[in-house]
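Protein chains in written order, with my numbering: chain U, 1 to 258; chain F, 1 to 262.
What the hints contain is simulated information worked out from the structure, not anything from laboratory work. Just so it is clear, the structure is predicted and the values come from calculations on it, not from any experiment. Glycine residues also receive a C-beta, built at the ideal position from the N, C-alpha and C atoms. Treat the hints with caution; some may be incorrect.
Take a look, some chain F residues computed to stay more than 10 Å from chain U by CB distance [stated by the list, open to error]:
| # | residue |
| --- | --- |
| 1 | A8 |
| 2 | W27 |
| 3 | L70 |
| 4 | A89 |
| 5 | P99 |
| 6 | L158 |
| 7 | R159 |
| 8 | I171 |
| 9 | A237 |
| 10 | R247 |
| 11 | L250 |
| 12 | Y253 |
Chain F stretches covered by chain U per the calculated footprint, using a threshold of three residues with CB under 8 Å from any CB of chain U [as the list claims (entries may be wrong)]:
| # | segment |
| --- | --- |
| 13 | 102 to 115 |
| 14 | 172 to 183 |
Listing some non-contacts, in silico: residues in chain U with all C-beta distances to chain F over 12 Å [said to hold, decoys possible]:
| # | residue |
| --- | --- |
| 15 | Q81 |
| 16 | D83 |
| 17 | G98 |
| 18 | E100 |
| 19 | D157 |
| 20 | A161 |
| 21 | S248 |
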Amino acid sequence: MAAKLEVQALGKSFGDDVTALRGVDLVVGDGEIVSIVGPSGCGKSTLLNILAGLQRPSAGSVLFDGVRPDTLLGVTGYMPQRDCLMPWRTVLDNCTLGLELAGVPRRAARDRARAELDRFGLLGFEDHWPASLSGGMRQRAALLRTFLAGRDVLLLDEPFASLDALTRWQMRAWLLDVWDAARTTIVFVTHDVEEAVYLSDRVYVMSGRPGTVILEVTIDLLRPRTPAAVVTPAFAALQERLLAPLMSAATSQPEAGA
Amino acid sequence: MTGARARALVVNIGAPVGFAVLVVAGWALVKAVTDIPDTSLPAPGQVADALWEQRDLLWDNAWVTIVEILVGFAAAIVLGIGLAMVIHANRAVERAVYPWLVVSQMVPVVAVAPIFVIWTGFDLRPKVMVIALVSFFPVAVNTIDGLKAADPELLNLLRTLGATRRQRVRIAQLPAALPSVFSGVKIAAALSVIGAVFAEWVGASEGLGHLILVLNNQVATAEMFATIVVLAGIGIALYGAVLLLERLLLPWYHGGRQGLRD
Chain U
1 MAAKLEVQAL GKSFGDDVTA LRGVDLVVGD GEIVSIVGPS GCGKSTLLNI LAGLQRPSAG
61 SVLFDGVRPD TLLGVTGYMP QRDCLMPWRT VLDNCTLGLE LAGVPRRAAR DRARAELDRF
121 GLLGFEDHWP ASLSGGMRQR AALLRTFLAG RDVLLLDEPF ASLDALTRWQ MRAWLLDVWD
181 AARTTIVFVT HDVEEAVYLS DRVYVMSGRP GTVILEVTID LLRPRTPAAV VTPAFAALQE
241 RLLAPLMSAA TSQPEAGA
Chain F
1 MTGARARALV VNIGAPVGFA VLVVAGWALV KAVTDIPDTS LPAPGQVADA LWEQRDLLWD
61 NAWVTIVEIL VGFAAAIVLG IGLAMVIHAN RAVERAVYPW LVVSQMVPVV AVAPIFVIWT
121 GFDLRPKVMV IALVSFFPVA VNTIDGLKAA DPELLNLLRT LGATRRQRVR IAQLPAALPS
181 VFSGVKIAAA LSVIGAVFAE WVGASEGLGH LILVLNNQVA TAEMFATIVV LAGIGIALYG
241 AVLLLERLLL PWYHGGRQGL RD
């Protein structure tokens with residue numbers, strides 16, 4: 001499988017004292033779902049910000065389709081942890097944001113968004129204000145906004161962290177459905193090992209600060225996966241392999257900050 | 001939905017109107033049981049009579065004051081929002097200008113108003129300047145706060161989508177600022193009426209503020225009360241117009257809060 005995204009010896013320091021990331025190496029193949037798990041403060045968000053082009057690395061490089069772009073801004077599709085829906089725009093006009101900035105005419109952009117409403121469980125809600133939506137629907141609207149921006153790689157920062165357990169499971173299953181149809185490359189940041197195993201082709205475990213990759217695990221569970229897969233011994237074994245180094249990384253962390 | 005809204009409307013309007021009726025009734029009662037002279041406190045009925053009998057005089061002067069208020073209020077909004085956008089766009093300008101913006105509010109307008117009259121004479125201009133000076137400040141400060149209120153994560157998201165600075169301002173910062181802008185404009189609406197009366201006291205030959213001075217000299221207390229009622233009516237109408245505009249322009253801010261959840 002061709003590497004879509006390649007992170008080489010990436011480092012990020014803030015000032016002289018704080019080293020957020022050190023020597024991070026990871027590869028994301030085309031069409032893969034790759035999760036990054038780590039304790040709080042391990043630099044997951046910093047890594048994602050660098051991949052999104054919002055911050056510049058202090059060391060190392062990021063290759064996209066084998067080349068190093070001048071800026072990663074506008075290259076990857078970034079979905080921040082909070083949904084960031086604009087309360088003054090209807091659901092539909094929030095979802096077309098990426099198309100609007102790409103210069104797609106308003107009518108065409110809205111038509112394209114409308115065509116996806118059903119698949120994203122938003123049919124009938126396109127003219128609502130975001131404030132009248134449930135948490136799960138808001139996240140689906142944010143995901144539709146991210147998908148419609150049309151990037152090859154999606155960076156999802158704990159998109160389901162704020163949802164209740166049942167909604168979270170629905171959203172995971174639904175995300176796999178959407179991904180299965182589009183086969184978009186997804187980098188998924190989470191601190192939930194179960195979620196990482198359920199969704200991913202591969203999982204990277206990061207240590208506490210300074211964040212670096214301490215383990216890579218290939219998730220060889222068959223697809224399509226259903227939530228029932230969670231109770232299988234294979235699933236439990238994978239979870240355990242990830243959990244042990246994660247726990248020691250978390251405890252060796254002097255202070256668990258953001 | 002409509003039933004609940006109608007009920008809310010009745011409560012929202014009925015409660016303050018009911019309270020006003022109580023106050024007027026208390027006022028009438030005080031007049032009935034005490035012997036306060038009419039020149040100190042006229043009865044509500046006398047004020048109503050004055051309103052009717054002096055309607056031509058009141059209307060002619062009200063028109064003058066309304067024009068002053070509308071022009072001054074508009075100038076305050078343009079000045080306030082314009083200053084806020086300049087200050088927001090440039091940190092150096094913010095450092096240099098913002099403190100003086102605050103200082104401008106320490107200057108007693110009563111003291112400055114005669115200077116405006118010396119500069120420009122007795123026409124509309126000094127009134128507009130006084131009104132703008134007393135009411136631009138809340139617009140400017142609230143707009144600056146509003147422009148800062150845009151979600152930084154949203155601004156980052158826009159950057160990743162390739163938005164330019166100008167696009168970020170238009171798509172995220174201005175809409176996010178609008179509720180604050182309206183808060184400032186509402187305060188400015190109330191202040192602009194005060195400003196107009198002020199300006200007319202300093203130098204005017206017509207207008208409701210001027211009329212109050214004339215009536216004061218004549219000890220025509222009931223007519224003064226009537227003038228105050230008209231001034232208050234102008235203020236309420238202006239405030240109501242701003243409120244209506246806010247509802248029309250920011251439906252998401254008022255309507256979206258309630259609504260269905262699944």
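Original post:
Are all C-beta atoms of chain F more than 12 Å from that of E100 of chain U?
Top reply: violated (8 Å)
**OP:** Would you assess whether R247 of chain F, listed as outside the interface, keeps its beta-carbon beyond 10 Å of every beta-carbon in chain U?
**Re:** Since the minimum Cβ distance to chain U is about 14 Å, R247 of chain F lies beyond 10 Å and the statement holds.
Original post:
Since P99 of chain F was said not to touch the interface, does its Cβ keep a gap of more than 10 Å from each Cβ of chain U?
Top reply: Nearest chain U Cβ is 30 Å from P99 of chain F, so the label holds.
**OP:** Just double-check A237 of chain F for me: nearest Cβ-Cβ distance to chain U has to come out over 10 Å.
**Re:** holds (27 Å)
Original post:
Is the nearest Cβ of chain F still more than 12 Å from the Cβ of Q81 of chain U?
Top reply: Contrary to the label, Q81 of chain U does not stay out of reach of chain F, its closest Cβ about 8 Å off (not over 12 Å).
**OP:** Determine whether the non-interface label on W27 of chain F survives the test: each CB of chain U must be over 10 Å from its CB.
**Re:** holds (44 Å)
Original post:
Taking a Cβ-to-Cβ distance below 8 Å as contact, does the segment 172 to 183 of chain F have at least three residues touching chain U?
Top reply: holds (count 4)
**OP:** Run the C-beta distances from A8 of chain F to all of chain U and say if the shortest one exceeds 10 Å.
**Re:** holds (18 Å)
Subject >> Beyond 12 Å from every chain F Cβ - status for A161 of chain U >> reply: holds (14 Å)
Original post:
Per the stated criterion, does the least C-beta distance between I171 of chain F and chain U lie above 10 Å, as a non-interface residue requires?
Top reply: Not fine: 8 Å to the nearest Cβ puts I171 of chain F too close to chain U.
Original post:
Is the nearest Cβ of chain F still more than 12 Å from the Cβ of G98 of chain U?
Top reply: violated (5 Å)
Original post:
Within the assertion that chain U covers the segment 102 to 115 of chain F, do at least three residues meet a Cβ-to-Cβ distance smaller than 8 Å?
Top reply: Result for this restraint: violated, n = 0.
Checked against the numbered hints given earlier, this structure breaks hints 6, 7, 8, 11, 12, 13, 15, 16, 17, 18 and 19; the rest are met.
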